[in-house]
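Build the full structure now, drawing on both the sequences and the hints.
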Amino acid sequence: MIPDLDYAFYVWTSYGLFALVMAWQFLQPRLRRRQILAELREERALRTGGYDDANS
Amino acid sequence: MRILLEAKQATFSRAGEAVFRPVDLGLSGGEALVVRGANGSGKTTLLRLLAGILRPASGEVTRHAPVAFLGHHAAVKGDLSCRENLEFKRRFSASASGLSDSRALARVGLAGLGLRPARSLSAGQKRRLGLACLLVAPTAVWLLDEPYASLDDEGCALVDELLSEHVGRDGAAVLSTHQRQPRIGDGRHRTLHIEGRERLE
Amino acid sequence: MTVARMTALLRRDLRLALRHGGESLMPLIFLFSVIILVPLGVGPGPNLLASIAPGMIWVAALLASLLALEQLFRPDLEDGTLEQWWVGGTAPPGALVVTRLFSHWLVTGVPVILFAPLAAQMLYLPSDALPTLMLSLLIGTPVLSLVGGLASALTLGTNRGSVLLSILVFPMVVPVLIFATGAVTAAAEGFSARAHLGLLTALLILAVTLAPLATTAALRLNIE
Amino acid sequence: MIFHRLKVGFHRLGSPPTFHKLCRILSPWLWAGFVACTAIGLYQALYVVPPDYQQGDSFRILYIHVPAAWQAMAGYVIMAILAAIALVWRIRTVEIMTMAAAPVGAAFTALCLATGSLWGKPMWGTWWAWDARLTSMLVLLFIYLGIMGLYAAFEDRRKGARVACILVLVGLVNIPLIHFSVEWWTTLHQGSTINLFGESKMHPSMLPPLIWMAIAVKLMFGGALLDRSRNDLVDQDRRKRWIRDVIGEEA
Numbered sequence: 001m002i003p004d005l006d007y008a009f010y011v012w013t014s015y016g017l018f019a020l021v022m023a024w025q026f027l028q029p030r031l032r033r034r035q036i037l038a039e040l041r042e043e044r045a046l047r048t049g050g051y052d053d054a055n056s
Numbered sequence: 001m002r003i004l005l006e007a008k009q010a011t012f013s014r015a016g017e018a019v020f021r022p023v024d025l026g027l028s029g030g031e032a033l034v035v036r037g038a039n040g041s042g043k044t045t046l047l048r049l050l051a052g053i054l055r056p057a058s059g060e061v062t063r064h065a066p067v068a069f070l071g072h073h074a075a076v077k078g079d080l081s082c083r084e085n086l087e088f089k090r091r092f093s094a095s096a097s098g099l100s101d102s103r104a105l106a107r108v109g110l111a112g113l114g115l116r117p118a119r120s121l122s123a124g125q126k127r128r129l130g131l132a133c134l135l136v137a138p139t140a141v142w143l144l145d146e147p148y149a150s151l152d153d154e155g156c157a158l159v160d161e162l163l164s165e166h167v168g169r170d171g172a173a174v175l176s177t178h179q180r181q182p183r184i185g186d187g188r189h190r191t192l193h194i195e196g197r198e199r200l201e
Numbered sequence: 001m002t003v004a005r006m007t008a009l010l011r012r013d014l015r016l017a018l019r020h021g022g023e024s025l026m027p028l029i030f031l032f033s034v035i036i037l038v039p040l041g042v043g044p045g046p047n048l049l050a051s052i053a054p055g056m057i058w059v060a061a062l063l064a065s066l067l068a069l070e071q072l073f074r075p076d077l078e079d080g081t082l083e084q085w086w087v088g089g090t091a092p093p094g095a096l097v098v099t100r101l102f103s104h105w106l107v108t109g110v111p112v113i114l115f116a117p118l119a120a121q122m123l124y125l126p127s128d129a130l131p132t133l134m135l136s137l138l139i140g141t142p143v144l145s146l147v148g149g150l151a152s153a154l155t156l157g158t159n160r161g162s163v164l165l166s167i168l169v170f171p172m173v174v175p176v177l178i179f180a181t182g183a184v185t186a187a188a189e190g191f192s193a194r195a196h197l198g199l200l201t202a203l204l205i206l207a208v209t210l211a212p213l214a215t216t217a218a219l220r221l222n223i224e
Numbered sequence: 001m002i003f004h005r006l007k008v009g010f011h012r013l014g015s016p017p018t019f020h021k022l023c024r025i026l027s028p029w030l031w032a033g034f035v036a037c038t039a040i041g042l043y044q045a046l047y048v049v050p051p052d053y054q055q056g057d058s059f060r061i062l063y064i065h066v067p068a069a070w071q072a073m074a075g076y077v078i079m080a081i082l083a084a085i086a087l088v089w090r091i092r093t094v095e096i097m098t099m100a101a102a103p104v105g106a107a108f109t110a111l112c113l114a115t116g117s118l119w120g121k122p123m124w125g126t127w128w129a130w131d132a133r134l135t136s137m138l139v140l141l142f143i144y145l146g147i148m149g150l151y152a153a154f155e156d157r158r159k160g161a162r163v164a165c166i167l168v169l170v171g172l173v174n175i176p177l178i179h180f181s182v183e184w185w186t187t188l189h190q191g192s193t194i195n196l197f198g199e200s201k202m203h204p205s206m207l208p209p210l211i212w213m214a215i216a217v218k219l220m221f222g223g224a225l226l227d228r229s230r231n232d233l234v235d236q237d238r239r240k241r242w243i244r245d246v247i248g249e250e251a
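Residue numbers (my numbering), protein chains in the order written: chain A, 1 to 56; chain X, 1 to 201; chain D, 1 to 224; chain P, 1 to 251.
Quick caveat, the hints were computed from the structure, so don't treat them as lab data. Check before you lean on any hint, since a few could be wrong.
To be verified - Taking lysine-lysine pairs in the DSBU-like style, the calculated list, with each CA pair at most 35 Å apart, reads:
hint, chain 1, residue 1, chain 2, residue 2
1, P, 7, X, 8
2, X, 8, P, 218
3, P, 7, P, 240
Unchecked claim - Label pairs and their in silico Cβ distance ranges:
hint, chain 1, residue 1, chain 2, residue 2, range
4, P, 21, D, 33, 58 to 66 Å
5, A, 35, P, 5, 34 to 42 Å
6, X, 60, A, 39, 23 to 31 Å
7, P, 39, A, 35, 29 to 37 Å
8, D, 20, A, 19, 20 to 28 Å
9, A, 41, P, 12, 27 to 35 Å
10, D, 29, X, 3, 54 to 62 Å
Values in this document were obtained by computation on a predicted structure and should not be read as measured data. Each residue gets a CB set at the ideal place from its N, CA and C atoms; glycine is no exception.
Right, dumping it as structure tokens:
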């Protein structure tokens, strides 16, 4: 399945770094969004006095 | 009387929100306008806008005469002496018609302190030096931001006197204040109340 | 009017620089600390020193101009004299920006240029290369001031500008450093330095035309 | 006329709720496109293309390294165009997009440097060479970091974005100069530059995966850019009413 390459270490490290960077670029905005939404929920709770949201 | 300073629906916005309601004003020689408003209502911003330091986010501000602006800071260099500061002011404004350094210093009550570095002056004395800068380089329009701040009673009276003289010479002035009621000339000055962002909502 | 303002500002800036006598000497002290410390580090061999001399003098000039950058506009912002440049909306602040950068160059660049022959002697730079070194400093140090002024204006609105300042300046001075030291090295090896100096002049022209514009725009944003 | 239409178009984009909606709809498609193109590209790069006559399999790093390098530079150009629009028309959403482009571009620059280094070790026998390409990439990384740092150093995000936009445009003038000077410098000091791959030597069969990967990272750049812009927008506008309306449904 996985091709047997010469210079395998260098090649696979490169591709691995690629995967890491892409994954981080994908995840970072989503994690940040979750955090912002959580903060907004807290702010709303502060305003309304409770966590009345059905979905939370 | 010729209009010296004009604003049409001018306002400034910070972080995308207008700082105060759009302002309309026209000021001709011999007039004074007192800007009143609570802390944070945008008095300083309005004056900076009129001075040209800020550009209006909407509307326009037109200046038909040279203006001078005296802000929270007196715009003097602490490492230079009072006289050197005045000399710079005169050269910077390229004016020859103002009071001499000595007379300006005497007029604002700083006689004898001319060679002191401005750094060593008290807050009130610094404000007085700022007023002296207005005298050595005369301009038609004065924009004074809280001119009474940190001045003693005598100093406040001095500001009133200088303003009266300036208006009497057909100059125009805009000043902001939140406490003292200015006494300019025979007491005829207009008042502009501005409302800040909080009041807008 | 504009010229009167520019001369007034230049007079005041130079007067202030003289008043801080010690601080005005900083670029020179810096230059000579580098010139003295590096031989102590790499050894006194004339050949080695001669080969690294152009780079060392230039890096020292660069760091010397960085030293004063933090103070280029900040004191004026804090005491309210900077916003006076825009009052009235008539006098072109760009001219005042150029004046301020010129005085920065007079205070940080010119002393380095004047003392470069001495430094070159101490580092055994071949005397044939000395005119080229002087010329490269004369053309290149104004670029350092212009670029540094831009970085200083950009970081003006931040609380702690100094680290950021060096990060911003570093990419912008790479071409200057390369062409200037290239010129001196070429001259030291007996080649013509005209191509390098020509490119350095092109950089200077580019910096003179564009940097003040960007600096003025950045200052304007930062006083708002 | 075209100019005017562009302006109107950008102003419509400038409305935060519209922009937010656009990001939400567009971003998943871009990411999906990225995954599809990467799948094709990686398959071809690893299985279809034969080993290089001289470099063996190590040349396969090219399929990461070169798209990353292209994207690092293309990302800067995109960011500079956005910065120019933001400064001229003062559109806040475009300012936000400009600032969101910087970290993504920096990530590609770092990836390009790292893979270049990983390629250099087996080929040149060293992790780092003062090669013109590597050196200018390193400087580019610092420019990206400078832009991010400047933006982050301001308390007023809007002001920070506008000042950093000026820096982006300054960099646009600066980067070609750096590239040219560094190339000049390496030819002077090394006699000959080491070429990792001569463009002419490249066999036609090596090309398709490169193109797939290049398209993939372009799509990914768009997706990440929109995701980040959307977050920044929500973060800055958290007290505004439209946020309550939009987020209310999701939270």
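- Where does the structure disagree with the numbered hints, that is, which hint numbers, in rising order? Going through the list in order, the structure violates hints 2, 6 and 8 and respects the others.
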